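Starting from the known structure of chain A, fit chain B onto it as the hints suggest.
The primary structure of each chain is shown beneath.
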Amino acid sequence: MALTPVITAHWDEPDSHTMAGYKRHAGYTGLSAALAKTPDEVIGIVKDSGLRGRGGAGFPTGLKWSFVPQGDGKPHYLVVNADESEPGACKDIPIMLANPHALVEGVLITAYAIRASHAFIYIRGEVPHAIRRVMAAVRDAYAAGYAGKNVLGSGFDIEIVVHSGAGAYICGEETALLDSLEGLRGQPRLKPPFPATAGLYAAPTVINNVETICNIPTIINNGVDWFRSFGTEKSPGFKVFAVSGHVNRPGIYEAPLGITMRELLEHAGGVREGREVKFWLPGGSSVPMLTAEHLDTPLTYEDIAAAGSMLGTGTPMVFDETTSVVRAVTGWLEFYKHESCGKCTPCREGTYWIVDVLKRFRAGKGTPEDLPKLEEICAQIFGRSFCALGDAAATPFPAAMKYFASEFADGTRAAANDLFDPVAATIFSGVAS
Amino acid sequence: MALPDGTRERLSEIVARYPQPRSALLPMLHLVQAEEGYVTPDGLALCAEMLGLSTAEAAAVSSFYTMYQRRPAGEFHIGVCINPLCGILGGDAIWAALSEHLGIGHDEVTPDGKFSLERIECQAACTHAPVMTANWEYLDQMTVESAKGVVDKIRAGEPVQSTRGPVVRSFRDTERTVAGFDDGLADEGGGADALMLAGLNRAKELGQAAPEPKRG
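Taken in sequence, the protein lines are chains A and B.
1 is the number of the first residue of the first sequence in the numbering used here; add one for each residue after it.
1001 is the number of the first residue of the second sequence in the numbering used here; add one for each residue after it.
Only chain A is shown next, with the shape it has when bound in the complex (with noise of 0.2 Å):
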């Protein structure tokens, strides 16, 4: 399948990040569409298009706007979330750096949709250039009557708030992002009753993902049927999907939804020379690897979860045979526990459980009973905690299991790093071109 650049189709021009670079190529002339449509139209255009949330759970954006209920007196708020934490995930980043202007005309015309006067772009605070660019992009939009009072002269207005997190992944999980932009730890909320009417200040909120709003200008610019022309029925359109790991040319891709992973490999130049995929996560590590068998695959929402696993962020991870697994989820599952945020006992306690035995593992000295330990454990946290870090945490090691079971075997006589030794997975090993 055919790459199809369309958010980043004007990222080689060196200003594609600056109000001149995006107004060369058709830039908000889709936020003056939608100013002349009535909020009402612009939401439907967004539910006809059938735009699924890119930020991992895949939700129909257009529904999720209509779920904020109207004419109810109350104020309402866009809250983008922009806190890219999911390892793995690296797509949303590079569009700050490279399109801010995309993201701010889709904030735009969004807020509109859903009569927000006020929105907030959250951008995780470790990474200052995505923080400056987009407060240069914000800024020339007011400048230009984009942004402020009286938009374009349409009565409309909006205030646009770029806010900094402080380092916590669970800040990207919505209802604790929401705590954190309220100025409190960033703990996850019970649903519902869901932001669609009481999330910022308890007032109706919709919260999207970065990639998912700068979706929305294309879709206003250039039509449904267009917008549906790529993917499938049940995931249209197209993704920026990043490409990482042991592969040739790691980068971003963007591509329609139902390309193969076969596919959006051998674009990433394949595998590094003389080895081959052992195991790929589609979208994160919160989402169950798969192997080489499924590389064919489409990456769309439903055949991914029928392959069992999910889509998550659209952003592959592909290891080689040189990569321990007990390593790699002892890794994640490390990374769990750390970010935890303690509020829910089954993800507080479960990933400290976890992490513990599965170490035992990575250091050779596993028993055979642990195993069904480690299961149990997984089992006691599904499905057991307020957000999706819990589910995710217990997502690793009975994915691993699924497919290199043997390898959790050798971790009762054998250390990982004696197994596979470390420098051969590195990429400066000299094995890679």
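These aren't lab readings, by the way, just hints derived from the structure by calculation.
Keep in mind that this is a model prediction, so the values were computed, not measured.
Treat the hints loosely; a few may be bogus.
No farther apart than 20 Å at their CA atoms in a straight line, the calculated lysine to any residue pairs in the SDA-like style are these [to be verified]:
hint : chain 1 : residue 1 : chain 2 : residue 2
1    : B       : K1148     : A       : S429
2    : A       : K343      : B       : A1056
3    : B       : K1204     : A       : P14
4    : B       : K1214     : A       : N221
5    : B       : K1204     : A       : E263
6    : B       : K1214     : A       : G383
7    : A       : K343      : B       : T1066
8    : B       : K1214     : A       : V224
9    : B       : K1204     : A       : F230
10   : A       : K234      : A       : D296
11   : A       : K337      : A       : G383
12   : A       : K23       : B       : P1213
For chain B alone, coordinates are given in the frame of chain A:
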């Protein structure tokens, strides 16, 4: 010790951005780090006072987030990503080498206050693995040698150019940016790099593009 002149005014500027004052707390704490080099008791107390919180309430928030330092960070806060993808591709080796080279471990500061070191989790740059940061600016596709080279350069007082951003500035200067104060550096680092352009370049090579919409 008193906070620098104008701190309260700058904190007020942050509060004014938000419809509800408490939303300003995270960027306010970043500003405290810009003024003081870490979240000092005085800085924390001032934030709490301005927002009508107890110091304990503000401290409970501050202690939740990993970017807030409880003692002075190094002038150059160095991060090495050890999350599995970066770690396996070389981050673990870089971490071990850098820790030895600097003589400090995770969350420690060199005696001269020049460097602090942190094992960081995913920096959203996996395509650019192994990734390192200096005061949170990207240093992409590192090797053991290039990582040591960065700290040697800093030690020698030479400028270090981040791979996707400006020349690395001090911890405090960067924290001022993160607190939302314009530093005029948005255009630094230029356009997208080769990895961000991998797909676009490949598409152009193959003559592939997104279909044009039918106008009518």
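Here's how the hints hold up against the structure:
1. B/K1148 - A/S429: Roughly 17 Å between the alpha carbons, so the hint for B/K1148 and A/S429 holds.
2. A/K343 - B/A1056: It holds: about 19 Å lies between the C-alpha atoms, which stays within 20 Å.
3. B/K1204 - A/P14: Holds. B/K1204 to A/P14 sits at ~17 Å (cutoff 20 Å).
4. B/K1214 - A/N221: holds (11 Å)
5. B/K1204 - A/E263: holds (16 Å)
6. B/K1214 - A/G383: With Cα atoms ~46 Å apart, B/K1214 and A/G383 exceed 20 Å; violated.
7. A/K343 - B/T1066: holds (17 Å)
8. B/K1214 - A/V224: holds (11 Å)
9. B/K1204 - A/F230: holds (19 Å)
10. A/K234 - A/D296: holds (18 Å)
11. A/K337 - A/G383: holds (17 Å)
12. A/K23 - B/P1213: holds (18 Å)
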